[in-house]
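Undergrad: Take a look at the letters that make up each chain.
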Amino acid sequence: MKYYDKLIFELSKEGRTGYSLPANRFPAAPELPVALRREASLDLPEVSEVDVVRHYTNLSQMNFGVDTGFYPLGSCTMKYNPKVNEEVAALPGFTGLHPLMHAGLTKGALKVYQEMNKALAAITGMEAFTFDPCAGAHGELTGLMIMRQYHMMRGDLKRTKVIVPDSAHGTNPASAAVCGLEIVEVKSLENGRVDVEALKPLLDETVAGMMMTNPNTLGLFETQIKEITELVHGIGGLMYYDGANMNPLMGVVRPGDMGFDIMHLNLHKTFSTPHGGGGPGSGPVGVAAHLVDCLPDIRVSGFHGNFGVILRAYAYILMLGKQNLKKVGQYSVLSANYIKECLKDAYKLPIEGVCKHEFVFDGLINDGAHDDVHGATTLDVAKRLLDFGFHAPTIYFPLLFHQALMIEPTETESKETIDAFIDVMHKIAEEAAEDPRILQEAPHNAPIKRPDETAAARNPILKFKDAQ
Amino acid sequence: MAGFPYFPHTEADVQSMLDRIGVKKVEDLYADVPKEFVKKGAYALPDAMSEPEVRAWMNGLAGMNARLKVFVGAGAYDHYTPSVIPYITSRSEFLTAYTPYQCEISQGTLRYIFEYQSMVCELTGMDISNASLYDGPTAAAEAMKMAVACTKKKTRVLLSQGLLPHVIKVVETYAKFHGVEIGYVPVMDGQTCPNCLKAELAKGDVAGLIAPEINRYGIVEDHTGFADALHAAKALLVEYCDPSTLAVIKSPAEWGADIAVGDGQSLGIPLCFGGPYVGFMGVKKEYMRKMPGRIVGQTTDKDGKRAYVLTLQAREQHIKREKATSNICSNESLMALWVTVYLSLMGPEGLREVNRISCDGAHYLKDALMATGQFEDPFPGKPFLKEFVLKPKKFPGMMQKRLEEAGYFAALDTEEGYVSFCVTEQRTKEEIDGLVQIVKEG
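The listed protein sequences correspond, in order, to chains Y and V.
Each residue of the first sequence is one higher than the one before, counting from 1 in the working numbering.
Each residue of the second sequence is one higher than the one before, counting from 1 in the working numbering.
In case anyone wonders, no lab produced these hints; they're calculated from the structure.
It should be emphasised that the depicted structure is a prediction, and the values quoted were computed from it without experimental measurement.
Heads up, the beta-carbon is just placed ideally off N, CA and C, and yes, glycines get one too.
A couple of the hints might just be wrong.
Stated by the list, open to error - With a Cα cut of at most 25 Å, we get these calculated DSS-like pairs of lysine-lysine:
1) V/Lys40 with Y/Lys111
2) V/Lys40 with Y/Lys226
3) Y/Lys118 with V/Lys40
4) Y/Lys327 with V/Lys40
5) Y/Lys465 with V/Lys302
6) V/Lys305 with Y/Lys2
7) V/Lys153 with V/Lys284
8) Y/Lys226 with V/Lys35
9) Y/Lys187 with V/Lys320
10) Y/Lys326 with V/Lys284
Said to hold, decoys possible - Quick list of the computed label-pair ranges, beta carbon to beta carbon:
11) V/Phe395 with Y/Val34: 37 to 43 Å
12) V/Ala202 with Y/Tyr3: 27 to 33 Å
13) Y/Ala128 with V/Thr372: 42 to 48 Å
14) V/Lys203 with Y/Leu157: 24 to 30 Å
15) V/Gly304 with Y/Lys158: 16 to 22 Å
16) V/Ala229 with Y/Lys6: 42 to 48 Å
Model the full structure from these sequences, guided by the hints.
TA: As structure tokens, this is what we get:
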């Protein structure tokens, strides 16, 4: 990757244009009243089309994507994004549809929603889905709104708490807070699972429900899920399934069968749509039959959610079909366990045993610390990986361990790719033991070295004009 | 069984991996799952399709949708998309990247977000922009929450009834569950009523007002005095705007807004049945630490090179959990790139020209429709740009049907019994004349 140091504003030259618009063949409309007119300057770049194409092409070359290489970012399910998905989502019959066109004009689009509803219901064991949420956290919020709506519709207004495990994704408590719920944290056991005994005293008639991801963020299946759902249902609460970790269960286990009442899916994780550098995503929310009536009043986005993303996921499901669904789950679990077993001689594995699609190491076994030399941290391992052409795993999450390094390979990586990653991870561990400074100074050959993040936060420069 | 293009595993690979793990078969890796939860029998899914079959099937579905000339806006505008944009946004280095957590290999994403933030600030006149939100209505909902957070202890937020219906509905949904009471400021004489606003403020407990720069009737509103009235009541002014039109109408900052929000769709993003679009938010500097979402900042690396990073993360869910300013994580990064490339190509003059052509075309259409004698003008003399409403003298159903048959999506019914029209630079004089001819015949 080559460093390129321009901003589009710095290419601007007065009088240069990059647009092509039809000639104005209409009579001039009356001018706006002076009081309504913009008086402020409008300093957008003035650049040619060639400038724009070269600039953004150069920027793209400082970026790493799934198409560049292996991206074992835990809990993010960075699987390959099939290209046929992109092709069908770009069909003018879809992209030209105005969102307010009535059903008679949008039969094809509505059929996509119907078929997706059927497919996701079949895959998850839920009854019906809403496709309005635009991301995973947006789905969580929507699901919690449905949870509260359910209780409100029954006139049960005292349920203001939601139980969240301490290993949960940060979005879980944040979504609950936006939804006006009080968060009650339940601890994990030494073996990484929810502590059922600690859960019991938290359960009473003020609990709206409980959020869980299963497998949890340690990649471990919550083996006591049946007991947990029975306990929560027993006090009249609902079970919410955070679908961020659905990939290993694809074709094997359905959240609905485990007793969950509400769930979201991340189409941009489990269903292969590209992450786009942080969206657009899509977070459809599924509910069990007894909650379908709670859906209509809840409107969380402007129109019909991110239709373009839903189209891509639909194409993926068509390709998978019933024949390949199970392989998604199985291969993702196979690859994760293989990496875990191959690397646990060099990285601390805090909880032994079989994992699902991902697992967590707690840093290096030998971080190279001796005398006056500090040991290499998880951050250092992550940065060193970049030098070898791999994206780093998720780091310092979950919060249960100090040096968490969370690895999720997905089902779309070959054994050769995975073996190459394992070799590099071993090499990095050897480097750490010999001279941790190699890691601490990494990356050595990325477009930039480590940035000064403290200065960025202390003296925020958040737009071009701040920088001038 | 035949191979599958997204699974690279050969039988030999699987076997050697199982051997290394020390289990016999893949199913053994699910031994910890209670047996009753392992799905028995086949999933109720269609048979797998090949790529040519998927392509044909999806083409068939696309063909079931009408292909009409769009003369409706109401929050989604058929502006032109320069060819360069999909070409750039399809570059897989942008498309297939995750959120830029590893900044050293994400400078491309981080730089375009910084440019995007700069452009949002330029258009709105605000000090700080975030990296994007889901869409306009959710951006308004975030502004509602922010107004409450910035004005401690106040629990009521006012909405202008001139806001688009879908914006109101989403803000109401968020408010209901977030514990915020919504008050309404009616539209009088075609614009958010200043005296009604003052009356609502006099009732007290108001955290802010969300008002549209251009309302649901297409009228450019005059917000003179709004900011002063709100600030005197220690409440915030939130301007909801169509960013394309900010090239010609007063910016939120010029109205004295504390927060500017809206949908970036009008900046060259295709209609696509409502998404993906991109919500934007610009705020005054004093509210920086209350802002939701990602923010990119400029700094230097160890060698002194200019570098970009995600910053001010102490506001965010992965650090603060339930105390975060919002739950937002993934946003609409690629659509922010879409908007950034659009604004780079259009520049200040291109954006003004888009407004000129759209505005002139809309006035031409309105004059011609009024000349048919079939409509009344509910808001005579009110300033508008590309969008307007008319009151049909007779039930419009037949006219709408004939417009559809002739290839037009126009005259959308509104809640108030009007029909709305919109003209962008993509609509030709011939199309407009054709539309008017059909109305005349009806």
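Undergrad: Now, for every hint given, state plainly whether the structure supports it.
TA: Structure-based check of all given hints:
1. V/Lys40 with Y/Lys111: violated (28 Å)
2. V/Lys40 with Y/Lys226: Satisfied, since the Cα-Cα distance of roughly 18 Å is no more than 25 Å.
3. Y/Lys118 with V/Lys40: The given pair, whose Cα atoms are some 18 Å apart, holds under the 25 Å limit.
4. Y/Lys327 with V/Lys40: Roughly 15 Å separates the two Cα atoms, so the pair holds.
5. Y/Lys465 with V/Lys302: holds (24 Å)
6. V/Lys305 with Y/Lys2: Measuring from Cα to Cα gives roughly 13 Å; hence the hint holds.
7. V/Lys153 with V/Lys284: holds (20 Å)
8. Y/Lys226 with V/Lys35: Roughly 11 Å separates the two Cα atoms, so the pair holds.
9. Y/Lys187 with V/Lys320: Holds, at roughly 18 Å.
10. Y/Lys326 with V/Lys284: Not OK: Y/Lys326 and V/Lys284 at ~51 Å, beyond 25 Å, violated.
11. V/Phe395 with Y/Val34: 37 to 43 Å: Because 40 Å falls inside the window, the suggested range holds.
12. V/Ala202 with Y/Tyr3: 27 to 33 Å: Violated: the Cβ-Cβ distance is about 58 Å, outside 27 to 33 Å.
13. Y/Ala128 with V/Thr372: 42 to 48 Å: Holds: the Cβ-Cβ distance is about 45 Å, inside 42 to 48 Å.
14. V/Lys203 with Y/Leu157: 24 to 30 Å: At 26 Å between Cβs, range holds.
15. V/Gly304 with Y/Lys158: 16 to 22 Å: violated (59 Å)
16. V/Ala229 with Y/Lys6: 42 to 48 Å: Holds, since V/Ala229 and Y/Lys6 (Cβ atoms, about 44 Å apart) stay within the stated range.
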